[in-house]
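Could you put together the complete structure from these sequences and hints?
Protein chains: 2
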Amino acid sequence: MTALDDRSVQPTVTTGPIMGSAKVYLSVADPHGGPPLRVPQRRVGLSDGTHIDLYDTSGPYTDTGAAIDVHAGLPALRADWIGARAPVNGADTQLAHARAGTITPEMRYAAAREGMDPETVRAEVAAGRAVIPANRRHPESEPMVIGKRFLVKVNANIGNSAVTSSVAEEVEKMVWATRWGADTIMDLSTGRRIHETREWILRNSPVPVGTVPIYQALEKVNGDPARLSWEVYRDTVIEQAEQGVDYMTVHAGVLLRYVPLTARRVTGIVSRGGSIMAAWCLAHHEESFLYTRFEELCDIFRAYDITFSLGDGLRPGSIADANDEAQFAELRTLGELTAIARTKDVQVMVEGPGHVPLHKIAENVRLEEELCGEAPFYTLGPLATDIAPGYDHITSAIGAAQIAWHGTAMLCYVTPKEHLGLPDRDDVKTGVITYKLAAHSADLAKGHPRAQEWDDTLSKARFEFRWKDQFHLALDPETALAYHDETLPAEPAKTA
Amino acid sequence: MTALDDRSVQPTVTTGPIMGSAKVYLSVADPHGGPPLRVPQRRVGLSDGTHIDLYDTSGPYTDTGAAIDVHAGLPALRADWIGARAPVNGADTQLAHARAGTITPEMRYAAAREGMDPETVRAEVAAGRAVIPANRRHPESEPMVIGKRFLVKVNANIGNSAVTSSVAEEVEKMVWATRWGADTIMDLSTGRRIHETREWILRNSPVPVGTVPIYQALEKVNGDPARLSWEVYRDTVIEQAEQGVDYMTVHAGVLLRYVPLTARRVTGIVSRGGSIMAAWCLAHHEESFLYTRFEELCDIFRAYDITFSLGDGLRPGSIADANDEAQFAELRTLGELTAIARTKDVQVMVEGPGHVPLHKIAENVRLEEELCGEAPFYTLGPLATDIAPGYDHITSAIGAAQIAWHGTAMLCYVTPKEHLGLPDRDDVKTGVITYKLAAHSADLAKGHPRAQEWDDTLSKARFEFRWKDQFHLALDPETALAYHDETLPAEPAKTA
Chain E
3 MTALDDRSVQ PTVTTGPIMG SAKVYLSVAD PHGGPPLRVP QRRVGLSDGT HIDLYDTSGP
63 YTDTGAAIDV HAGLPALRAD WIGARAPVNG ADTQLAHARA GTITPEMRYA AAREGMDPET
123 VRAEVAAGRA VIPANRRHPE SEPMVIGKRF LVKVNANIGN SAVTSSVAEE VEKMVWATRW
183 GADTIMDLST GRRIHETREW ILRNSPVPVG TVPIYQALEK VNGDPARLSW EVYRDTVIEQ
243 AEQGVDYMTV HAGVLLRYVP LTARRVTGIV SRGGSIMAAW CLAHHEESFL YTRFEELCDI
303 FRAYDITFSL GDGLRPGSIA DANDEAQFAE LRTLGELTAI ARTKDVQVMV EGPGHVPLHK
363 IAENVRLEEE LCGEAPFYTL GPLATDIAPG YDHITSAIGA AQIAWHGTAM LCYVTPKEHL
423 GLPDRDDVKT GVITYKLAAH SADLAKGHPR AQEWDDTLSK ARFEFRWKDQ FHLALDPETA
483 LAYHDETLPA EPAKTA
Chain S
3 MTALDDRSVQ PTVTTGPIMG SAKVYLSVAD PHGGPPLRVP QRRVGLSDGT HIDLYDTSGP
63 YTDTGAAIDV HAGLPALRAD WIGARAPVNG ADTQLAHARA GTITPEMRYA AAREGMDPET
123 VRAEVAAGRA VIPANRRHPE SEPMVIGKRF LVKVNANIGN SAVTSSVAEE VEKMVWATRW
183 GADTIMDLST GRRIHETREW ILRNSPVPVG TVPIYQALEK VNGDPARLSW EVYRDTVIEQ
243 AEQGVDYMTV HAGVLLRYVP LTARRVTGIV SRGGSIMAAW CLAHHEESFL YTRFEELCDI
303 FRAYDITFSL GDGLRPGSIA DANDEAQFAE LRTLGELTAI ARTKDVQVMV EGPGHVPLHK
363 IAENVRLEEE LCGEAPFYTL GPLATDIAPG YDHITSAIGA AQIAWHGTAM LCYVTPKEHL
423 GLPDRDDVKT GVITYKLAAH SADLAKGHPR AQEWDDTLSK ARFEFRWKDQ FHLALDPETA
483 LAYHDETLPA EPAKTA
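Top to bottom, those sequences are chains E and S.
Sequential numbering of the first sequence, starting at 3, is according to this note's numbering.
Sequential numbering of the second sequence, starting at 3, is according to this note's numbering.
No lab work stands behind these hints, which were simulated from the structure alone.
Any copy, or any two copies together, can satisfy a pair, since identical chains are not distinguished.
Simulated crosslink set (BS3-like; lysine-lysine; CA at most 30 Å straight-line):
1. Lys448 / Lys462
2. Lys448 / Lys362
3. Lys462 / Lys362
Following this line, the structure appears as structure tokens:
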């Protein structure tokens with residue numbers, strides 16, 4: 003019996019199109035004569051008879067023609083591609099194929115979503131400037147590319163805890179987050195049903211799924227960091243790899259000698275993974291096993307094509323600690339590890355802060371690109387100020403737009419509950435929409451070829467008082483409509 | 003009978019301190035032996051026995067010792083200063099005094115609020131790089147300074163319309179907005195009771211009040227722009243000047259020859275004042291009377307020490323129209339007008355956009371400073387993207403933080419209802435808090451001497467799990483507390 007056979011779990015997932023939009027599929031011919039790709043788009047039909055197609059992360063859930071059965075999981079879109087593929091030098095990773103000059107179906111699919119040339123995707127992956135997180139054992143996912151040449155992506159963290167939520171709620175949070183535009187999901191679940199929750203999410207997720215394996219490893223040793231070991235960690239990674247996790251955060255840059263650098267900080271070590279590894283290093287007076295065993299870890303990642311997300315365990319937790327010695331010492335080590343992973347054809351992203359004032363943001367991108375060979379940067383915000391708990395989706399969107407404009411490829415969302423509690427369904431939506439608009443602001447500033455068409459189409463509708471078109475073109479049509487109705491409820495006002 | 007004698011108007015205004023804070027007054031000695039200034043601060047007491055004093059815009063309403071009587075209005079704090087003052091070369095304006103080398107009580111008061119030297123305030127006002135909007139007939143206001151060397155300020159627009167709100171509601175919106183940090187208020191009321199509404203707001207407002215006189219002038223000619231005239235406009239300005247309006251938006255840069263420059267825009271002219279003046283110019287085939295009569299207008303402003311807010315009637319209404327010829331042509335004219343006003347010792351701010359993508363923001367500040375002699379820049383956002391109606395407080399906070407970091411002195415807030423409807427009380431609060439955090443992000447990036455202490459104090463409380471201190475230090479303690487309670491309601495969790 004698999005986790006999905008458990009009929010006591012009954013997720014109620016949100017289905018149906020976004021208001022005013024319809025799911026369409028672009029048919030993308032296979033140059034080698036295979037079946038064409040069916041690449042999803044959110045099509046917004048306008049009252050003047052035209053339409054605009056927007057990037058769509060929502061999977062089959064918004065397709066009125068799709069049969070959704072959460073106990074069966076999504077169709078294995080990539081199964082044939084994976085099955086038909088021969089490894090290159092023993093590696094069946096997107097990086098290995100890209101370096102060999104091969105454009106995989108995943109690359110063609112991701113390129114079509116971006117409205118870009120597949121060769122550009124291949125070249126960027128080959129150079130390590132982009133990644134396609136796609137575990138061979140997560141064939142349900144719709145391929146996407148993360149890199150500075152492409153649309154800025156948004157990750158949404160979900161995850162239950164024993165206290166506050168169930169497996170079913172987390173599945174719906176995943177569907178809900180991708181409905182509003184989450185490009186990837188990180189499952190940070192803890193507690194009793196961690197394996198089952200992840201299985202449910204993976205089998206039903208149309209987007210790549212990331213995890214932080216050290217969290218589950220810690221549960222296996224009853225929460226005592228000192229009792230962690232390479233063996234426990236390795237087995238956890240393999241367990242998650244087999245389930246299909248597409249990318250994993252690994253805090254391998256928290257070295258023993260860096261821990262004292264955090265002693266005089268205002269907020270010490272705030273990364274959970276960073277704290278765990280620092281505690282292990284101090285307890286054993288040894289270098290982190292994530293660092294000493296990094297090559298072995300690469301071999302596991304290579305076997306599944308899991309992408310590293312090299313964690314910033316020493317990221318600043320406050321404005322005061324931004325860009326300090328501890329943070330940049332770790333970043334240098336992440337650069338070394340990036341180089342090692344690439345020698346093994348393993349894809350790498352590098353995680354970044356956190357809390358950074360506006361004038362110190364650009365330096366983060368510059369250094370990351372210099373030290374880590376332009377590996378895609380994946381940042382948490384950063385918050386541009388610490389004084390607004392309850393509004394940290396906004397304090398961080400200010401920093402996120404700025405850092406994405408400078409080159410960050412993916413943004414980890416922050417919800418209004420950051421620092422205060424666990425996000426509920428409304429918070430997840432608020433966080434995703436806030437980050438989509440921040441990401442889009444950066445796409446505009448970077449001149450992504452498809453970005454401004456959306457703004458112009460909406461602005462034209464606004465100027466011509468085509469209210470319904472304006473709502474339908476909005477990132478969140480329901481909220482736009484609801485706010486308009488509050489003060490001008492009459493129908494004529496909307497069609498005038 | 004004055005408007006405030008009307009007992010049918012019964013505003014219920016919010017009083018009492020912000021949670022965890024107390025109003026204190028710094029006593030600032032008068033170097034000339036007069037009575038000391040009492041400068042208000044929001045003092046947050048911490049559980050370790052220390053405290054931090056924060057800039058306070060809320061007026062007597064948060065002072066538990068103050069008797070509030072909205073029918074009497076606030077005490078005339080500045081009456082003695084104004085009465086004792088002799089004009090310089092016929093002008094009793096802050097600019098005239100600053101140029102003469104005199105530090106006025108208003109300058110000392112504003113400097114104390116900023117934690118800065120009064121001479122710095124005087125020098126910045128003298129150079130035209132800062133303004134102190136303080137109509138001689140609004141003695142109730144607590145003086146503040148707007149300029150790039152000082153804390154970034156936030157304006158909140160309020161204003162009733164015949165449809166949706168009453169005089170009493172607008173008075174409470176003013177009190178409510180300043181409670182959460184609005185540094186100035188613009189009263190954009192229209193409709194039947196426009197004069198009375200303004201009187202109520204002015205007599206009860208602890209912050210400078212701005213208006214757009216062309217709105218009321220248009221009502222006097224039954225909404226037909228072609229019927230406007232210099233005489234109707236002038237009389238309206240004098241009516242508002244007598245009431246005590248501290249700064250007025252004047253769209254004197256919309257010249258006849260600039261109107262055709264907007265023809266091929268995606269969103270034409272979106273400024274209401276700009277549209278009115280463009281319509282007048284086209285109807286009469288004449289240059290705008292605001293431009294041709296500008297020197298006469300300066301003479302009126304000079305008599306009251308009203309500050310110009312030179313309106314950007316041709317500001318872009320969409321990403322597509324940002325930084326275009328129409329916008330920058332008007333900006334050059336605003337530069338000419340700034341120079342004229344200064345020859346008459348009249349203070350000037352210059353208004354800016356609107357909708358601007360991130361990569362075009364810095365250019366706006368650079369050009370404004372170059373063309374307008376570094377007059378304080380006062381921008382509406384700008385929105386960094388058009389695709390998120392319902393979230394435009396956030397799309398614009400992203401642009402606002404950026405433009406303020408580059409040198410914008412005051413930000414006009416945007417609420418979630420922007421483009422969709424009129425803001426209610428909750429929207430006003432959301433808009434103000436969002437803009438305060440954006441302004442503070444810029445203060446940090448500019449290195450204002452008092453800015454980072456706040457972040458560090460809150461972050462230290464967070465790191466030490468002093469939950470109550472963290473809430474009390476928040477821009478919005480109530481929301482921070484409420485969000486925390488949602489998932490971890492137990493009291494021990496808050497004091498752990």
